[in-house]
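2 protein chains.
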Amino acid sequence: MTKRAKAAPDDELVFVPLGGAGEIGMNLNLYGYGPEARRQWIMIDLGVMFGGDDTPGVDVIMPDPGFIEEHKRNLLAIVLTHAHEDHIGAVGHLWPRLKVPVYATPFTAALVRSKLEEEGILDDVPLHIIPLGGELKLGPFELEFIDITHSIPEPNCIAIRTPLGTVLHTGDWKIDPNPMVGRKTDIDALRRIGEEGVLAAICDSTNVFVPGRSGSESDVAASLEAIIATCKGRVAVTAFASNVARMQSVIRAGAKAGRHVALVGRSMHKISRAAIETGYLKDIPSLIDEESAADLPPHKVLYLCTGSQGEARAALSRIATGEHPHVHLGPGDTVIFSSRVIPGNERLIHQLQNDFAMRGVEVISAEDHDVHVSGHPARDELADMYSWLRPQIAVPVHGEERHLMEHVRLAKSLQIPSALHAPNGSMVRLAPGEPTIFDEAPHGRLHLDGSVLTGRDDSAIKERRSLAYAGYVAVTIVLDQRDRPATDPVVICAGIPDDIVETARQAAGDAQDRLGRRFDDEKRAIEEVRRAVRREVQDAWGKKPVVKVEIARIG
Amino acid sequence: MTKRAKAAPDDELVFVPLGGAGEIGMNLNLYGYGPEARRQWIMIDLGVMFGGDDTPGVDVIMPDPGFIEEHKRNLLAIVLTHAHEDHIGAVGHLWPRLKVPVYATPFTAALVRSKLEEEGILDDVPLHIIPLGGELKLGPFELEFIDITHSIPEPNCIAIRTPLGTVLHTGDWKIDPNPMVGRKTDIDALRRIGEEGVLAAICDSTNVFVPGRSGSESDVAASLEAIIATCKGRVAVTAFASNVARMQSVIRAGAKAGRHVALVGRSMHKISRAAIETGYLKDIPSLIDEESAADLPPHKVLYLCTGSQGEARAALSRIATGEHPHVHLGPGDTVIFSSRVIPGNERLIHQLQNDFAMRGVEVISAEDHDVHVSGHPARDELADMYSWLRPQIAVPVHGEERHLMEHVRLAKSLQIPSALHAPNGSMVRLAPGEPTIFDEAPHGRLHLDGSVLTGRDDSAIKERRSLAYAGYVAVTIVLDQRDRPATDPVVICAGIPDDIVETARQAAGDAQDRLGRRFDDEKRAIEEVRRAVRREVQDAWGKKPVVKVEIARIG
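Chains as they are written, first to last, in this note's numbering: chain A, 592 to 1146; chain B, 592 to 1146.
What the hints contain is simulated information worked out from the structure, not anything from laboratory work. Fair warning: this is a prediction, and the values are worked out from it, not measured in the lab. Fair warning: there could be bad hints in the mix.
The list treats identical chains as one, so a pair stands whether inside a single copy or across any two.
Unchecked claim - Derived DSS-like pairs: lysine-lysine, alpha-carbon spacing no greater than 25 angstroms straight-line:
| hint | residue 1 | residue 2 |
| --- | --- | --- |
| 1 | K847 | K1139 |
| 2 | K728 | K1003 |
| 3 | K690 | K706 |
| 4 | K847 | K728 |
| 5 | K706 | K1134 |
| 6 | K1134 | K1053 |
| 7 | K597 | K847 |
| 8 | K1053 | K1139 |
| 9 | K873 | K847 |
| 10 | K1114 | K1053 |
| 11 | K1003 | K823 |
| 12 | K1003 | K775 |
| 13 | K690 | K728 |
| 14 | K1135 | K1053 |
| 15 | K663 | K690 |
Kindly produce the complete structure, drawing on both the sequences and the hints.
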């Protein structure tokens, strides 16, 4: 194992995932080096994930950086592997709490820059561009960026050399022999680092349940070309905007079929600008805008649209419901979903496909056509990676618990000496000695609820889940100076059927009558009214709403 | 075409789906015969579907039977094809509105009976048992029940003979050459009816996107046996309780591996009782109860559990979270998901699998093992069915719009002369003349919200969706006899972060002050306060809560 500098006797090399080791999303990886009292840290990636039905009203969720915030004086940098939201999406929100330099390759930097601009902190953030294959020294850490392939331009593995050994952080990856856009995987570099000796591989687990290989963007390109060649009417393709190779394949397939291509949706434009700015998408025919496309005959048009996940405000949903100002599809036209279904989005996507079906539009998807490949390594690719690196330790990341566990099993079956299941918050000592989880760092989630960033156990979000289930009854009791009711209780309900609203009103009135003069013990009276309303509503409706009672006193 | 009686000149044969032709679930099919003024009807199936995230707090959804309720004097019967909830689940809720005889084969009748018992209407409902392969005359309709295979005992195709031709209503089906429990598909009968001449086939569309064949329960049995034979610790298998063949396969595989089998979960017991009562599950070893199983060594135990969809109150979820009183799984134990993932349940099921992974329990699922087959026909099976029946008309049902559309395309490719996309509410004239949708029947959904059965556009459920997104502010303004505020406004919030609650309170107070004496125009005042609160909260939070304002007057 190459050791650049000599390790001091009490030096330790530590890995701490605060996000991404328990979910696929919101990656935040920390590497620490040095004796505990003077440990220096680098952060790899700082991403978000999207809110779901268990967090209603929350757009994005990010890792709670509290642990590293406490050590921010010893945090040297944030280093980004690639530009997907689950790796860069929290930079704009959390950088102000950390205030350290940010490093990224050119395409990633271009997208981070536009994010920081939106947050109004572009001028504050020291954002440094690392060339592809570049190197970077940060305190005791020597970083080397290694080309790999994924579903976005410029994904990087990062080799992190320390006096106690080298860690290879894979980032998100696959082995695409023909990625269409950007460089191929630098297998020689991975082998070379393997030869040098790898202490630990911290590796993507997303597709650990998928046998075989993920396939190539070039296969999708060929398949799209064949399908689009046979289409008669208008064609709309939807894909993840960040997949620039896919964007290029669709544009070329359209051109080959004699169609003019228009990008539809904000992020398609944003990403294509960033791609062109950083030297990608050079050999494509010129695009037209969606207004001009509307004037062309159907067989001359191809739209490349955002909204493959059924997002309500994205281009494709608006086209499906007929609300898009310029793009209209009907009988004879075709929509191609060149994308996967992110778990949790099934119903939205199927609804979108049903809307198109109702308009007589033919729907083609990865369900029955080869129009998508994953950007993550299937099992044979994982085996390749481990054969190149031959690490002493495997620590799976980028997965739910079930993925991490399966990845540990796989690594063991591949004869990796140690494989560790290290969920979020695990403080893993990689060296010296046997790898071990020696402590747990505070960890959790922050929810962006409107403009408010709240903790995971946020009571407002929990309460909204209860409201969704059984609605709300707010009761106001008005008392005079002598603690006697001055009006009927005011009962304001939401989300409750009309008959049951009557029940609630009646229950509150009865409870007020029953209490009579016993409002001097305000707390007890409130509790009694609350319980009476909940009980009566439960009896009538079978469900218990959230009930809150307040007392107003006259002058 | 066999015509039993002669059709009168103004007779028509009409098909109207009120549910199931637009969703996979809540099937309700109507067949009408006769001239419009004296048309007689039969209903095939009366099912529910389960509520989702767009209907928070709603357990089940069923078709609005309003159209046939209006014609209930001419409704002859409800005929059930098989016992799945999406075919029988609404009988208990909607029979009181229809009050007609119900017909079913023995196993289906046993489960309907227990449903009616729960609703307390068992004695009211004339429930008639039809033998397998039996016949039934209902007014102008002559029905023949034909054995087929599915994922539950006693699925039936129903041949409906009328003076204007024969309709073959497939119900839910597949072609399982070795269904393990119950009879095989009566292919001879289907061919015979095809020979007689079939006017229309009304056919299952669920798996129209799936190429090939669905596979056999016997393959799953072999696979389960092989997997369970290699397990070392405790084994828990989860499957749909209604799949009695699967239940038998799991029990036998357990016994073969020297394990005692315990059923865990209410519906496992309920269905096994109904199965034994009607002559199934005869050749299985005796079962033990879950308490006794807990005392056996791990390699001697197999649990067959409810909860494959991640349902929070079902056995498997309680085992995963360690809350089950008798069943405990840990390192060395195995859970087998012998089931599919119903779209929309992905996150719940993955959470369950993650919980097991965290306990060190190995999870095996259809994702990477052959432990499940579908009960619905894949494309080659559909082609077989059409080759036997050779109908004049194909009307796909049991599918979302995208399935119905694809099924129409498939039927056309199989040279069926007419294939009709007839979504819910379509009034399809099958004969005489060209098949055509000649009108639209009122149709929709009823939501069971607690104990209240409400219409689809139910405002309470809609409002709860808004509450889930942005919470609730209830404002009470107390006025004295001269229309002047007698207290500060009472502001009761739910689901809103604390800082924003302050904003709302302040906004209501300011609005009350601004209004001063202008509370005589109560409506305008209320609207002004409401708007002010919404605006201020939106400015501070970026989201608009539901805001309601009421005025209390001191007497």
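Hints, verified against the model:
With identical chains, the CA atoms of K847 and K1139 are never at most 25 angstroms apart, being 64 angstroms at best within one copy and 58 angstroms at best between copies. Proximity of K728 and K1003 under a CA criterion of 25 angstroms is satisfied in neither setting, with 32 angstroms inside one chain copy and 66 angstroms between copies. In this homomeric assembly, K690 and K706 come within 25 angstroms of each other (Cα to Cα) only inside a single copy, at 16 angstroms, whereas the closest approach across copies is 63 angstroms. In this assembly of identical chains, the alpha carbons of K847 and K728 never lie at most 25 angstroms apart, being 47 angstroms within a copy and 62 angstroms across copies at closest.
When the C-alpha separation of K706 and K1134 is checked against a cutoff of 25 angstroms, the pair qualifies only between copies, where the shortest distance is 21 angstroms, while the shortest distance within a copy is 44 angstroms. In this assembly of identical chains, K1134 and K1053 lie within 25 angstroms of each other by CA distance both inside one copy and across copies; the values are 17 angstroms within and 17 angstroms between. In the homo-oligomer, the alpha carbons of K597 and K847 never lie at most 25 angstroms apart, since the shortest distance is 59 angstroms inside one protomer and 60 angstroms across protomers. Proximity of K1053 to K1139 under the C-alpha cut-off of 25 angstroms is found in both arrangements, the shortest distances being 15 angstroms within a copy and 21 angstroms between copies.
Taking the shortest Cα distances, K873 and K847 sit within 25 angstroms of each other inside one copy (16 angstroms), while across copies they are farther apart (64 angstroms). In this assembly of identical chains, the alpha carbons of K1114 and K1053 lie at most 25 angstroms apart only when taken from the same copy (24 angstroms versus 33 angstroms across copies). In this assembly of identical chains, K1003 and K823 lie within 25 angstroms of each other by CA distance solely across copies; the values are 19 angstroms between and 52 angstroms within a copy. In this assembly of identical chains, K1003 and K775 lie within 25 angstroms of each other by CA distance neither inside one copy nor across copies; the values are 28 angstroms within and 46 angstroms between.
Taking the shortest alpha-carbon separations for K690 and K728, only the intra-copy value of 19 angstroms comes in at or below 25 angstroms, while the best inter-copy value is 81 angstroms. Both within a single protomer and between protomers do K1135 and K1053 lie at most 25 angstroms apart by alpha-carbon distance, with minima of 15 angstroms and 18 angstroms respectively. Only within a single protomer do K663 and K690 lie at most 25 angstroms apart by alpha-carbon distance; the minimum there is 8 angstroms, versus 72 angstroms between protomers.
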